[in-house]
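Using the sequences and the hints given, assemble the complete structure.
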Amino acid sequence: MSGSSNIVAMKKIVQQLRFEANINRVKVSQAAADLQQFCIQNALQDPLLTGVSSSTNPFRTQKVCSFL
Amino acid sequence: MEPQLQGQVIRQLFFLIGATSVNSILLRKDLCSCRKGMLSSPHQNTPRHREILCFLVEMAAQPSDTLATLKTESETLKTKLEEERAKLHDVELHQVAEKIEALGQFVMKTRRALKGHGNKVLCLDWCKDKRRIVSSSQDGKVIVWDAFTTNKEHAVTMPCTWVMACAYAPSGCAVACGGLDNKCSVYPLSLDKNENLAAKKKSVAMHTNYLSACCFTNSDMQILTSSGDGTCALWDVESGQMLQSFHGHAADVLCLDLAPSETGNTFVSGGCDKKSCVWDMRTGQCVQSFETHESDINSVRYYPSGDAFASGSDDATCRLYDLRADREVAIYSKESIIFGASSVDFSLSGRLLFGGYNDYTINVWDVLKGTRVSILFGHENRVSTLRVSPDGTAFCSGSWDHTLRIWA
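Chain order of the listed sequences is A and B. At position 43 of the first sequence the residue is numbered 43 (the UniProt record's numbering), and the sequence of numbers has no breaks. At position 379 of the second sequence the residue is numbered 379 (the UniProt record's numbering), and the sequence of numbers has no breaks.
In short, the hints are calculated from the structure, not lab data. Please note that a few of the clues may not be correct.
With a straight-line cut-off of 27 Å between C-alpha atoms, the simulated DSSO-like cross-links for lysine-lysine are [claimed, not checked]:
hint, chain 1, residue 1, chain 2, residue 2
1, A, K27, B, K152
2, B, K115, A, K12
3, A, K27, B, K78
4, A, K12, B, K80
5, B, K152, A, K12
6, B, K152, B, K115
7, A, K11, B, K71
8, A, K27, B, K80
9, A, K12, B, K99
10, B, K71, A, K27
11, A, K27, B, K275
12, A, K11, B, K128
13, A, K27, B, K99
14, A, K12, B, K369
Covered, in the sense of this in silico footprint (three residues per stretch, anywhere, with C-beta under 8 Å from a C-beta of chain A), are these stretches of chain B [what the hints assert, rightly or not]:
hint, region
15, 320 to 328
16, 349 to 356
17, 386 to 400
The beta carbon of each residue, even a glycine, is placed where N, CA and C say it ideally should be.
Okay, structure coming up:
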């Protein structure tokens, strides 16, 4: 019966919503502060952020002159 | 058990007992001339049959009002969920980030252009050695490049076109790819250039619609896939068995990303139903879901700490969702950007978000402040895929203009 399969689907949705409504949440201010903290802590290790000199970055083209 | 459920159970039992007894009555030769039971075929329209029919129809009519009550319950739960989330929304991310320094001007240029695909590049992935890239395209070719030298190391021709997903194994010894063939195939890479890679192919995943994304878990032994059939699945590479399946999306699932290893067994997926869901890989349950985008979600990527993820969508915005606050915390959009974002990735520290868009550009966003830092031009058609290298020194973008570009 299509009626009962609709009911089964709706029950699943309701169960899922109940589960999601009950999870523990943290305040946005706290979560945002943590994200910011992570960024600042790792900023120095981020080559795209700090920029890497041509000698260490393998992708930056090196102009090499050599005398033969 | 709840009273509603109890009522349902009693009604269902009534229906079952009623139906089976009528069925057996009708099957008895002395009581009824029809040979088949009521449940299997329409029978003569005699008064007794009509009586019995009416009784059963009445019984069957009961479950439909339970459907209505379930619907109202789901609506109230949804509003309750929104209220719970709103309670904790005390400040915006960019307000918290006001005190930190703004980023300076960025100069990022194309350092390498990888040419060789005959058609649109659809997907790319970096190897853990930070140097090799695998890319797949619409013409069915999967190519492994050495990004430093731009040489092609391996090339495989898939039996299907539109290879929409490709992934490098953590060991660097195999690649997985798939697309319109509804399968995910794993090709072990051999050092012998003359060996035919297609001969060693192993079909791992089987879906009922196109494969949109695939990703190895922390080992070469398991693969996570997402498909146009609306499901994601976890497979064992060796045996090809499905270890877990994830149902919950109402439409095609377009993208997925695994949580960074320290934070555990979860992954996030995004789909055409505008929803992004976070799943527990062990139980198959959706633990959180977010529905704030206004169109299909093309790409999802975890923040490096694992506590948040970003998504890029056809509604021309990228959004950041925090998992612990269980809500969207930032939107990256501009009025001048009207084309959808096809692909997003974070820099190593999570401060920069790179977005490849369908207007041929790449926008670089300051994640904390919510502002655009830079816009990169270079591709001659829409940017379809974008990944930052594992050590963060560069990022690679693939486009419908048949090329890949490495920016640093």
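Results of checking the hints against the structure:
1. For the suggested pair K27(A) and K152(B), the alpha carbons sit about 49 Å apart, so the restraint of at most 27 Å is broken.
2. For a cut-off of 27 Å, the pair hint linking K115(B) to K12(A) is broken: about 49 Å separates their Cα positions.
3. Annotation: proposed proximity of K27(A) to K78(B) holds, straight-line Cα distance about 20 Å (limit 27 Å).
4. Between K12(A) and K80(B) the alpha-carbon distance is near 17 Å, which keeps this suggested pair within the 27 Å criterion.
5. Among the hinted pairs, K152(B) with K12(A) is inconsistent with the structure: their alpha-carbon atoms are about 49 Å apart, more than 27 Å.
6. With a C-alpha separation of about 9 Å, the suggested pair K152(B) and K115(B) falls inside the 27 Å cut-off, and the hint holds.
7. Between K11(A) and K71(B) the CA atoms are separated by roughly 9 Å; this keeps the pair inside 27 Å, and the hint holds.
8. Restraint check for K27(A) and K80(B): the C-alpha separation of about 17 Å stays at or below 27 Å, so the hint holds.
9. For the suggested pair K12(A) and K99(B), the alpha carbons sit about 45 Å apart, so the restraint of at most 27 Å is broken.
10. For the hint pairing K71(B) with K27(A), the CA-to-CA distance comes to about 30 Å; that exceeds 27 Å, so the pair is violated.
11. Distance check on the hinted pair: K27(A) and K275(B) sit about 22 Å apart at the alpha-carbon level, within 27 Å; holds.
12. A distance of roughly 44 Å separates the Cα atoms of K11(A) and K128(B); the hinted pair therefore is violated under the 27 Å criterion.
13. Between K27(A) and K99(B) the alpha-carbon distance is near 19 Å, which keeps this suggested pair within the 27 Å criterion.
14. Among the hinted pairs, K12(A) with K369(B) is inconsistent with the structure: their alpha-carbon atoms are about 39 Å apart, more than 27 Å.
15. Figure legend: the region 320 to 328 of chain B, annotated as covered by chain A; annotation consistent (5 residues with Cβ-Cβ distances under 8 Å, at least 3 required).
16. Three residues within the 8 Å Cβ limit are the bar, and the region 349 to 356 of chain B against chain A gives 4, so the coverage statement holds.
17. As drawn, the region 386 to 400 of chain B meets chain A at 6 residues by the rule of a beta-carbon pair under 8 Å; at three or more, the given contact holds.
The structure shown violates the earlier hints numbered 1, 2, 5, 9, 10, 12 and 14.
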